[in-house]
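Going down the list, the protein sequences come from chains A and B. At position 189 of the first sequence (counting the first as 1) the number is 189 in the working numbering, and the numbers step up by one without a gap. At position 552 of the second sequence (counting the first as 1) the number is 833 in the working numbering, and the numbers step up by one without a gap.
Bear in mind the hints are in silico, worked out from the structure with no lab data behind them.
To give an idea of the interface, some chain A residues facing chain B are shown, with a C-beta separation under 10 Å as derived from the structure:
| no. | residue |
| --- | --- |
| 1 | E43 |
| 2 | K56 |
| 3 | S68 |
| 4 | I80 |
| 5 | K81 |
| 6 | N84 |
| 7 | H108 |
All residues carry an ideal CB built from backbone N, CA and C; glycine is no exception.
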Amino acid sequence: MSNDTGLMTQTQNTWCPGCGNFAILHAIKSVVEDLEKEGHSKENIVVVTGIGCHAKIADYLNLNSFYSLHGRTIPVATGIKMANPDLSVICFAGDGDLYAEGLDHLIHAAKRNIDITVICHNNRVYGLTTGQYTPTSPYGYRGRSTPDGLHEYPLNIIELLLGSGASFVSRAYTRRLPHLKRIFREAILHTGFSHVDVLQVCATFYNMAAWYDERVYESSESNAGMFEFACRASQQWNYNDDANIPLGIFYQVRKPTLPEKKQGVAPDRMELVRSLIESAI
Amino acid sequence: MRYLLSEAENLIEYSVLIGGKAGDGIAQAGQLISSLFSELGYHVYQYTDYPSLIRGGHNFCIIRAAEGPVGAHRSGIDFILALDQKTPDLHAQDLNADGTIIFDSSRVKASGQGINIPDILNLHQGLPIMGNTAIIGAFCRCIGIPWDRVSVVLGKKLQKESEKNLDIAREAYGRVKQCTDVTACPGGQPRPLLSGNEWIGIGLLAGGIDAYIAYPMTPSSGILHYLASIAGKAGIDVIHPESEIAVILMALGYSYAGKKVAVGTSGGGFCLMTEGLSLSGMAELPVVIVLSQRGGPSTGLPTYTSQSDLLFACHAGQGEFPRLVVAPGSVDEAYFWSAQAVQIAWQYQIPALILSDKTLSEGIFTSVSLPEIPAPIIPDDYASPYMRYADMPDGISPPLSPPVPGEVIKVNSYAHDLFGITTEEPEVVVEMIEKRLRKSLHLASALDRPGAVCIGGISDAPVAILCWGSVRGVCLEVAQSAGLRVISPIVMVPFPALEFKSAMKGVLKMILVEDSTTGQLSQIIAREGYHADAMILRYDGRPFSVEELYEKIRGHLK
Numbered sequence: 001m002s003n004d005t006g007l008m009t010q011t012q013n014t015w016c017p018g019c020g021n022f023a024i025l026h027a028i029k030s031v032v033e034d035l036e037k038e039g040h041s042k043e044n045i046v047v048v049t050g051i052g053c054h055a056k057i058a059d060y061l062n063l064n065s066f067y068s069l070h071g072r073t074i075p076v077a078t079g080i081k082m083a084n085p086d087l088s089v090i091c092f093a094g095d096g097d098l099y100a101e102g103l104d105h106l107i108h109a110a111k112r113n114i115d116i117t118v119i120c121h122n123n124r125v126y127g128l129t130t131g132q133y134t135p136t137s138p139y140g141y142r143g144r145s146t147p148d149g150l151h152e153y154p155l156n157i158i159e160l161l162l163g164s165g166a167s168f169v170s171r172a173y174t175r176r177l178p179h180l181k182r183i184f185r186e187a188i189l190h191t192g193f194s195h196v197d198v199l200q201v202c203a204t205f206y207n208m209a210a211w212y213d214e215r216v217y218e219s220s221e222s223n224a225g226m227f228e229f230a231c232r233a234s235q236q237w238n239y240n241d242d243a244n245i246p247l248g249i250f251y252q253v254r255k256p257t258l259p260e261k262k263q264g265v266a267p268d269r270m271e272l273v274r275s276l277i278e279s280a281i
Numbered sequence: 282m283r284y285l286l287s288e289a290e291n292l293i294e295y296s297v298l299i300g301g302k303a304g305d306g307i308a309q310a311g312q313l314i315s316s317l318f319s320e321l322g323y324h325v326y327q328y329t330d331y332p333s334l335i336r337g338g339h340n341f342c343i344i345r346a347a348e349g350p351v352g353a354h355r356s357g358i359d360f361i362l363a364l365d366q367k368t369p370d371l372h373a374q375d376l377n378a379d380g381t382i383i384f385d386s387s388r389v390k391a392s393g394q395g396i397n398i399p400d401i402l403n404l405h406q407g408l409p410i411m412g413n414t415a416i417i418g419a420f421c422r423c424i425g426i427p428w429d430r431v432s433v434v435l436g437k438k439l440q441k442e443s444e445k446n447l448d449i450a451r452e453a454y455g456r457v458k459q460c461t462d463v464t465a466c467p468g469g470q471p472r473p474l475l476s477g478n479e480w481i482g483i484g485l486l487a488g489g490i491d492a493y494i495a496y497p498m499t500p501s502s503g504i505l506h507y508l509a510s511i512a513g514k515a516g517i518d519v520i521h522p523e524s525e526i527a528v529i530l531m532a533l534g535y536s537y538a539g540k541k542v543a544v545g546t547s548g549g550g551f552c553l554m555t556e557g558l559s560l561s562g563m564a565e566l567p568v569v570i571v572l573s574q575r576g577g578p579s580t581g582l583p584t585y586t587s588q589s590d591l592l593f594a595c596h597a598g599q600g601e602f603p604r605l606v607v608a609p610g611s612v613d614e615a616y617f618w619s620a621q622a623v624q625i626a627w628q629y630q631i632p633a634l635i636l637s638d639k640t641l642s643e644g645i646f647t648s649v650s651l652p653e654i655p656a657p658i659i660p661d662d663y664a665s666p667y668m669r670y671a672d673m674p675d676g677i678s679p680p681l682s683p684p685v686p687g688e689v690i691k692v693n694s695y696a697h698d699l700f701g702i703t704t705e706e707p708e709v710v711v712e713m714i715e716k717r718l719r720k721s722l723h724l725a726s727a728l729d730r731p732g733a734v735c736i737g738g739i740s741d742a743p744v745a746i747l748c749w750g751s752v753r754g755v756c757l758e759v760a761q762s763a764g765l766r767v768i769s770p771i772v773m774v775p776f777p778a779l780e781f782k783s784a785m786k787g788v789l790k791m792i793l794v795e796d797s798t799t800g801q802l803s804q805i806i807a808r809e810g811y812h813a814d815a816m817i818l819r820y821d822g823r824p825f826s827v828e829e830l831y832e833k834i835r836g837h838l839k
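Just chain A, same shape as in the assembly (with noise of 0.2 Å):
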């Protein structure tokens, strides 16, 4: 792609109005134009992404990418940071794509502390596909794929994710938008596994602004080291019911992560193979 230096490529963008995927697209630009001022390199930023409304923003950002599957960011982005650990790798997804897809990748990657920042785009809907359920959606929602109601209650995926041994996790919401943008930084600067679960609108198919507005408050962080608080921060809002929703880093500590700093030099390769070889006799 070109040698311009802006952030922002050519590309048309087809997000519907309204639609909380530009407070996102927005946020993590003037995070990194920041962080270029502090002396990152932008070329050093690999951004991957799934399949849905959200991973447009690969086209979007004139940042390296690798537009994925449905489901799969994690495992690509956990092989390039593992080939080169100097990269610095962010996984946009969806809710749909991260939480039923590919689910395991997330418990997964959250158990190996794979330094690596997931950020969620949970509007709580299928939007490309039009308006299906997804595992955070509430009980009884009504989509063309159950237009009787959901009988299944959401995933609490902070629950989760503290379950799963992650080292950040946090939750965002794209009407805050300095809060939004604070919380991309501290997630990319975080060593380890950082998940930010961003809650969105979807403009077309579950327009909840008016509802998360009224409910989303910016939690204090001063007990974000202690895993108790967390678990207690995390159960205040079940992604059900009707209660007030906390925001911010609920949790973040240092653990061992991957990938491991590599030490020695490689030998030679046709010699090691000959040597290989030589002790098979």
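The hints should help you fit chain B onto chain A, whose structure is shown.
This is chain B only, laid out in the frame that chain A set:
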């Protein structure tokens, strides 16, 4: 039935069967016996037969050692080593007229030479598993190998408690009498002896892999275990993630980051990898996939062999994209083509599949003559501003990996433009499809060259055995004795039409031998206008012995 074949050619050869319960260390014991014969200068092939369980059951190995190259076992056995009663019960009928049974007299009733293994183990405070060392000691005495020579091999191969093992073997060695005189192979020299999986692993290393990623699945796991055991020394990453889906996607992450990477699995795992395979084709991210076949469909026969995934490998994945599929038929080829698969995948930026099966992967073989690995092709330099999918005459866009200051590197699973940005514009879609198509055409002409099809046996005989993969070993031996030609394609996709045509010159009758129910290779050659006159198909998961196949072939020659 041995007279049919080897006596005419007057070659020295021996077949040994060792059997016992799962947990008796039968596979390891088989490897020790193989090592002994290799040390004596023989070519060796070892077949291991085991059910899918951890303890109990009946396991056995057949070790065949001969003056010339061997890739199959025989029906007749010269020496049976029995650690359980099932061994003589099931296999004594296969004992040759001058054969001998050596057995643990505490567990087995048989005629031959018995040793009381618990007694020997008690004497030296050995663990029950060391019973396998005892019976090998007895076997060595029986076949007349001097103790000095035995102790060298055992000392080299038994890493754990080698002193105690040697004492136990020595004790057993002293308790039996010599029954024959196996001498060093005339003109022979010790050769490297490894499983097919290990040969594939070394080939992948020779091809330049930086990483190997796999989820355990029989019969491919040997590659994972082998490469994990030498990862530190080799300076490669070896990773076992949560699923085969994660395996292939992680591998594509490595590939994007500029590292050479291979993955390994069997049919079920390959099913899960197909979305990643198609992504590799679309995003033009190279990856090598080792597909070691076992009996299917579904979970099937996990520890037994099959060749029923050939067409699946050739067609897997949605959409149309170039790929390489190779099927080595010997360990020399497994080494060479594993290295080639890595080099070709990275040269053309395509997925490359190496087809193996249980017989090749878990069989243990001495190499015959390992080919030189050619130097890798250095890719063209890129122009700035960088376009990941620049439309080059041969379809191969110069590769680049992050970080590169001033350049942005985008890969995409969607139809995309030259920069890697999603598009639905028909002209651009067509341009990119035709770019990938040109890679296919270049690949096909580059690979249709000598070596793509193996010709063996009597190379101008009018009757030919058609085969591929591990089955070639047994076909070559039968063809040599029966005066037949062997035609065995190694490159399956893109199919080497000219090489195959030249191999077929003068063939009047063709018999396909395959471990499947439908003879899948016949469908591939049908596209080239050929057909198999007869098919010998086997689908019980067991490889043919030389005699079994000879009888089947003879039925078609009348």
